[in-house]
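*Asks:* As a plain string of letters, each chain reads:
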Amino acid sequence: MLSVDKVVKTYETVRAVDGLSFEARPGEIFGLIGPNGAGKSTTIRMIMNVIAPDEGTIRFDGKAFSEAMKERIGYLPEERGLNRKVKVIDTLVYLGVLKGLDPADARRRAESWLERFELSDWKGEKVEALSKGMAQKVQFIGSVVHDPDLVLFDEPFSGLDPVSQDTLLDAVLELKAAGKTVLFSTHVMEQAERLCDRILLVRKGRELVSGPLAGLKSSYGSNSVQIEFDGDGSFIAGLPCVDGVRTMPRWIEASLADGHGSDELFSALSGKVRVRRFQLMEPSLHALFVSLVESSADAGSGDADEEAAHA
Amino acid sequence: MRKLPAIIRYEFKLMAANKAFVILTILGPFLILAITVLPGLLSMNPKALSGGEPIAIAASSGAGAQGEAAALYAAFESAMSSQGRGVEPLPLDDEAIADAKRRVGSGKLAALVVMPAGWADSGATLYTKTGTDAMLYGTVERVVDAFARESRIARSGVDPDLARSLVRSVDLSIVKLSAGDREEAGGEGAFVQTLFTAMSFVMLVYMTTLLYGQMIGRSVVTEKTSKTVEIMLSSVSPRELMFGKILGLGLAGLLQYGVWVSLALVLSKLLMPLLGMAAPSAIAPGNLAWLVVFFVLAFFLYASLYAALGAAAEDEQHLGQLAWPVLVFLIVPLVMISSFVSNPDSPLSVGLSLFPMTSPIVMLIRVLIATPPAWQLTTCIGVLVVSVYGAAAAAAKIFRVGILMGGKRASFGEMVKWLRVR
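Protein chains in written order, with the numbering used here: chain A, 1 to 311; chain B, 312 to 733.
Honestly, the hints are just simulated from the structure, not real lab data. Be aware that a few hints might be false.
[Claimed, not checked] Lysine-lysine pairs mimicking DSS-like chemistry, simulated, CA-CA at most 30 Å apart: (1) B:538 / A:6; (2) B:314 / A:87; (3) A:85 / B:419; (4) A:63 / A:123; (5) B:314 / A:63; (6) B:538 / A:176; (7) B:324 / A:180; (8) B:538 / B:324.
Take these sequences, add in the hints, and give me the full structure.
*Replies:* In structure tokens, the structure reads:
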């Protein structure tokens with residue numbers, strides 16, 4: 001388990017990370033989500049001990065970072081850097097050996113990963129011959145070739161085509177299934193939505209909200225249901241569990257009244273119309289983020305007013 | 312330091328596969344060949360050294376006895392032939408002299424000697440373009456002096472044989488003595504040869520040290536700016552990475568020197584005798600061994616220093632700015648080489664051969680020219696080894712802190728501060 005406790009990092013005058021705390025657990029994918037410049041990469045680099053936090057502690061299985069721990073961690077940095085003049089397979093073997101594998105073992109593992117990512121034909125080529133996406137997959141392999149317990153992926157999907165994204169996604173899900181602790185950062189909300197068990201939304205180095213993704217959505221969600229059906233649905237607007245109805249050409253969107261669940265609505269429909277689709281509409285993470293930013297901006301300007309009043 | 316061998320191997324392979332490295336390794340022997348054979352070739356073909364422009368002589372025909380002018384030209388001709396120059400007799404009139412002066416000015420003539428009537432007493436004039444060609448000046452002076460002496464003797468009525476025996480100069484032979492009672496025939500030729508060899512060895516050490524130093528500096532900066540370093544540091548410690556880089560490159564450098572030295576030995580032991588040329592005595596196995604020793608020490612010292620600078624630098628341009636003080640220490644011994652050659656045991660030579668940043672080159676010169684006391688050699692090597700370790704450790708520290716600080720442009724003051732962190 002990785003626990004990050006109130007870390008702070010200041011660059012010159014900018015507070016890049018301002019008191020972030022979170023825990024990432026084994027068998028779980030934890031998402032560090034936020035716009036560019038929110039402090040995600042800085043946080044990950046502090047976890048990797050590439051840069052030192054000004055304040056706060058970072059612990060892995062209850063222990064502070066040590067050199068020996070490096071072998072149990074896999075890291076895919078945001079800015080990809082592989083020596084362009086070295087062959088793909090040699091690069092991966094070298095990365096594996098540096099993580100404590102013996103060369104033969106590293107080669108075997110690297111080859112099986114390359115095969116999985118359909119890069120076997122490229123293993124003898126130099127890195128410079130690869131496309132950006134291929135190089136990224138190679139670097140991903142480099143970060144997991146030693147079968148680490150904790151993996152940190154900084155924007156792992158950026159610049160990948162949809163097929164490659166899915167390959168990578170499957171690999172990440174497999175790591176989760178194998179009980180690894182996966183932490184990844186992204187500014188693309190859709191990716192977070194597909195992958196994460198729990199998230200931390202960051203903005204300007206500060207936490208906006210954190211917790212299990214599902215719980216967050218329902219607690220911040222507008223409870224509405226999309227219903228596609230055959231038959232006369234005019235009665236729906238009059239149901240006690242329904243607040244209001246918007247009628248679309250092919251379906252209706254019913255918002256649930258406070259204290260009423262979607263199951264109530266569903267049972268009210270049965271026998272009256274033939275339901276083709278009944279879908280609880282959660283707010284997208286994107287919508288959630290935007291509404292949170294807006295509300296925190298309001299709060300922020302309030303603070304500013306208060307400060308101005310004090311001065 | 313468990314992963315150090317893997318890093319060394321990787322960096323070594325990276326370097327050895329580099330095209331520039333392969334080319335230099337292959338071309339190196341030709342450089343050595345040139346160094347070894349060039350002095351010999353030059354003495355066989357003096358034109359290559361002097362340029363071979365003729366000198367013009369305008370001498371008064373009535374300067375002395377009959378046929379004196381012809382004898383004067385003949386004396387000049389034989390003296391100048393060793394420099395590959397011809398002699399052009401000129402009439403002693405203003406027009407011819409003015410024309411010759413123009414030709415000297417434009418470089419067509421190497422010099423003009425004007426010897427007016429009574430020159431043996433009133434003096435002659437040598438016109439040259441540069442005034443710095445000591446060899447030309449010396450030859451002209453020798454001929455003119457000898458000729459004036461002869462003509463004075465003739466005029467004085469003294470028995471010429473007696474007069475000559477009175478002014479005959481003494482044979483002064485040069486013998487090089489070293490501490491171990493070893494005697495070596497010296498002389499101007501041997502001196503020039505030793506100087507040539509010392510110069511070439513020093514240039515070799517200087518060039519390779521600078522080349523590898525800058526290469527390592529660049530490699531560290533690139534790794535820093537390309538963020539490769541983040542992946543590296545997620546696996547190994549900065550110290551392992553730094554030492555691995557320096558040792559890996561050092562090994563590649565040693566391989567290169569190994570190739571060169573063995574080729575030099577093969578050339579001087581097998582090939583040169585076949586061609587009927589004597590191998591320069593300075594290219595002895597002992598001297599070649601010293602070459603390797605001081606190359607290794609110079610390499611590791613400067614590689615570590617450059618690595619430290621690379622670790623502090625923001626980009627390659629910044630590295631260039633930071634590197635100039637280091638460069639000065641590399642260049643100083645090169646500029647002062649003639650002083651070390653002529654006075655290898657002066658306090659200056661001894662001092663600079665013990666100071667680590669200049670010692671590899673200065674001590675190499677001293678070893679080639681004379682035999683420095685054993686304690687000085689041991690001190691020099693000891694100081695260097697300690698400095699190398701210190702510089703490499705400092706480089707690792709600066710590297711680590713430089714990355715931690717991330718994105719700050721470091722001054723020397725800041726680098727010193729970084730050394731004190733933790």
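*Asks:* Does residue 324 of chain B lie within 30 Å of residue 538 of chain B when you go C-alpha to C-alpha?
*Replies:* Roughly 21 Å separates the two Cα atoms, so the pair holds.
*Asks:* Can the restraint linking residue 538 of chain B and residue 6 of chain A be considered satisfied, given a maximum Cα separation of 30 Å?
*Replies:* Status holds; Cα separation ~26 Å.
*Asks:* Under the criterion that the straight-line Cα-Cα distance not exceed 30 Å, is the pair residue 63 of chain A, residue 123 of chain A satisfied?
*Replies:* violated, 38 Å
*Asks:* For the pair supplied as a hint, residue 314 of chain B and residue 87 of chain A, confirm whether the alpha-carbon distance does not exceed 30 Å.
*Replies:* holds, 20 Å
*Asks:* Verify the proposed pairing of residue 314 of chain B with residue 63 of chain A, using a straight-line Cα cut of 30 Å.
*Replies:* holds, 23 Å
*Asks:* Does residue 324 of chain B pair with residue 180 of chain A here, judged by a C-alpha cut-off of 30 Å?
*Replies:* At roughly 35 Å apart (the allowed maximum being 30 Å), residue 180 of chain A and residue 324 of chain B break the hint.
*Asks:* For a C-alpha distance cap of 30 Å, please report whether residue 538 of chain B and residue 176 of chain A respect it.
*Replies:* holds, 27 Å
*Asks:* CA of residue 85 of chain A to CA of residue 419 of chain B, is that 30 Å or under?
*Replies:* Violated: residue 85 of chain A and residue 419 of chain B sit about 54 Å apart, past 30 Å.
Checked against the numbered hints above, the structure violates hints 3, 4, 7; every other hint is satisfied.
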